[in-house]
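**Student:** Next come the chains, spelled out residue by residue.
Number of protein chains: 2
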Amino acid sequence: MIDPRGQETLTGSAQSEVFQILRDGQPRTRSELATLTGLARSTVAARVDSLLRAGLVRPVADAASTGGRPSRQFAFDGGGLGVLGVDVGATHVHIGLSDLRGRLLTDTATSLAVSEGPDKVLGWVVDEGRRLLADHGNGEFLRGVGVGLPGPVEHTTGRPVDPPIMPGWDRFDVTGLLTDAFAVPVLVDNDVNVMALGERIDHWPDVDDLLFVKVSTGIGAGVISSGRLQRGAQGIAGDIGHVYVPGREDVQCRCGNSGCLEAVAAGPAIAAALRGEGLDVHTVQDVATAVTQGDVAAVRAVREAGRVLGQVLTACVSLVNPAVIVLGGPIASAGDHLLAGAREVIYTRSTPIATGSLQIVRSRGTDKAAVSGASSMAIQHVLSVDGVEALLREATA
Amino acid sequence: MIDPRGQETLTGSAQSEVFQILRDGQPRTRSELATLTGLARSTVAARVDSLLRAGLVRPVADAASTGGRPSRQFAFDGGGLGVLGVDVGATHVHIGLSDLRGRLLTDTATSLAVSEGPDKVLGWVVDEGRRLLADHGNGEFLRGVGVGLPGPVEHTTGRPVDPPIMPGWDRFDVTGLLTDAFAVPVLVDNDVNVMALGERIDHWPDVDDLLFVKVSTGIGAGVISSGRLQRGAQGIAGDIGHVYVPGREDVQCRCGNSGCLEAVAAGPAIAAALRGEGLDVHTVQDVATAVTQGDVAAVRAVREAGRVLGQVLTACVSLVNPAVIVLGGPIASAGDHLLAGAREVIYTRSTPIATGSLQIVRSRGTDKAAVSGASSMAIQHVLSVDGVEALLREATA
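Chains A and B, in that order, are what the protein sequence lines are. Positions 1 to 397 (this note's numbering) are the ones given, in order, by the first sequence. Positions 398 to 794 (this note's numbering) are the ones given, in order, by the second sequence.
Be careful, since some hints might not be right.
To be verified - Simulated coverage check for chain A against chain B, where a stretch passes if three residues somewhere in it have a Cβ under 8 Å from a Cβ of chain B:
1) 34 to 40
2) 122 to 134
3) 273 to 287
4) 292 to 300
5) 345 to 355
Calculated directly from the structure, the hints in this document are not laboratory data. Keep in mind that this is a model prediction, so the values were computed, not measured. Think of the CB as a built atom: it goes at the ideal place given N, C-alpha and C, for glycine as much as any other residue.
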């Protein structure tokens, strides 16, 4: 009955223990590290040397010392290594270079439809990534790449799976192409998970249970429980776009079922309803613009979409008991109407104990949020036990 | 942007590193432990001594040695220490004594209504717990107590919160009373979480994403994601009994809302519907009995309850993407009818990728499952980094 998995993690952690202690950024001497870890002094000295060679740790001048004496304290150095964060949207691509502290150093974006296919989109990513890196001196700086894609991704392989708005991408080896180009670990996930990570890291670092919901051409969620992005058994946790909305069997969904949440409440459904009222709206962005301009029919339709979304989210609130629900995407950003509809239903229909301190808010992420989330996914990997071990092996070799 | 929490865990783990390596049960010498951990030999020797004194580790005779020479290998010894697991049900109490490997050594149960109040119920637990322990020699054996209660529990304090079927228990200090009686750490949780843990440990040890759903007088779920029981922000994750079932606004729930899942599909609702058809059923057990006897109306009502449950579970499937859903409680155990209804809706309404390898099954837990889950909750605590540190401090003092 003893779970053997805990042990593996702990044994692994022992290997990079010195680094994991230094990771908080506080400078420490070799002697302090030996006391904190219980490791032999010679072991600590060897590990500090490896960390210095790997560029993960820097010597820090002793505060009391002003002369040229060699420094004896060491601290995490997130500035000397970095990652690329890539946000592939339906109609844009955005890439940024960050250091291991998550500080964005430089970024660039372009209008490019994902439907142009992986060769064109990833070709741009490789070219621009190399250009950003060239400005940063050398190839040694880059340690990982994180990518968000606007469709379902098999996380273990990094391949898109039946992505509806991404012709040519199905099962495409995104990880392989980018690993060949950059020769570092590449992590690929869907854009909603990436935005959930970005939102939490940038705005809710102390919240361990957070639901990020994106309403755009589809509807999807990123689920963070116990401080960790949950992917579920097949990696599709949060895929709430096809939850059945009772009473809406009249609405056909592109998935083949009827009454799916996104067939009722996502951008195209709202646009279609508004066209029925004589408005000239087609895209998600059109809907957002109409709402921003105060069009009464658009405001009413978005608020009703918020109510339908809220209906599905009440079950989610009961199941995972989040502290925060963040609504993102262009329609959520266009005023408080989607939010108001969702709040109305969730606060009415959920139990008081679940909603007593539940915050339901609009995304505070800027247009750089997805790049920030993709970068943080890569940074988490680089600084994980396995990632640090890989850097140390390389530095020692 | 660097999450400082990972670091604390890893630093903490370093403290009990020797034990965490020995926990897999494989015997190792002090020298092997020094190599595996990188700890100084003197540190390893001191820690092994502490672990021996704490009773967590035993010397193992070298296989090659047959004489009286002192043994040099050490291994985890789960047999010398143990925990009490307590299952408080609506109408019964069950207590078992297990060793730290989770092997049930002895147990006893009684018919006792939880509505008799905490003094009577916990009085029985203390008396019987002491009796079970007396048969096991000495007070040194016991290292923890785990308790499952049939109502909402604030996990951090172990106090029941507004428990509907537990008069006299609201905010009662269960942890305090049992800590005073047994002088060991006491962990209290609701029975559904405890059964989810027991179900996973006993039957699905390799499944990291599991939903356990209990249908009884109420309906609740235990959510295991990434191998971990998820409690959510307020500790009420899985509290799905009051999710709104659209179209059933006619049904009043005891919570004050209408159309709640458990007001439509739990035992009392099924019993009320059957009384409307002239059957003499009142309790959950009556419903289970009628189904077992093949009463057509009862079978039909339970199958319909399964469909309603399935409707709520489709949203849960999309959100957390479990590999297994286990249905428990007396009605689930009375044949495959509840299961069939739930499967029908979940397999129809969820996306193929979510249900392709989703198993929906009846609980395989015996009447000892809740005791097993309560014990494992206590064992996990005792063998955690903090738990082992506490044992070592005590052994060193």
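**Student:** State for each hint whether it applies.
**Tutor:** Tested hints:
1. Given as covered by chain B, the region 34 to 40 of chain A passes the check, having 5 residues with a CB less than 8 Å from a CB of that chain where 3 are the minimum.
2. Three residues within the 8 Å Cβ limit are the bar, and the region 122 to 134 of chain A against chain B gives 0, so the coverage statement is violated.
3. Beta-carbon proximity to chain B at under 8 Å applies to 0 residues in the region 273 to 287 of chain A; the threshold of 3 is not reached and the given coverage is violated.
4. With a cut-off of 8 Å between beta carbons, the region 292 to 300 of chain A has 0 residues touching chain B; three or more are needed, and the interface restraint is violated.
5. Coverage of the region 345 to 355 of chain A by chain B holds. Counting CB-CB distances below 8 Å, 5 residues qualify, and the rule asks for three or more.
Violated hints, in rising order: 2, 3 and 4; the structure is consistent with all others.
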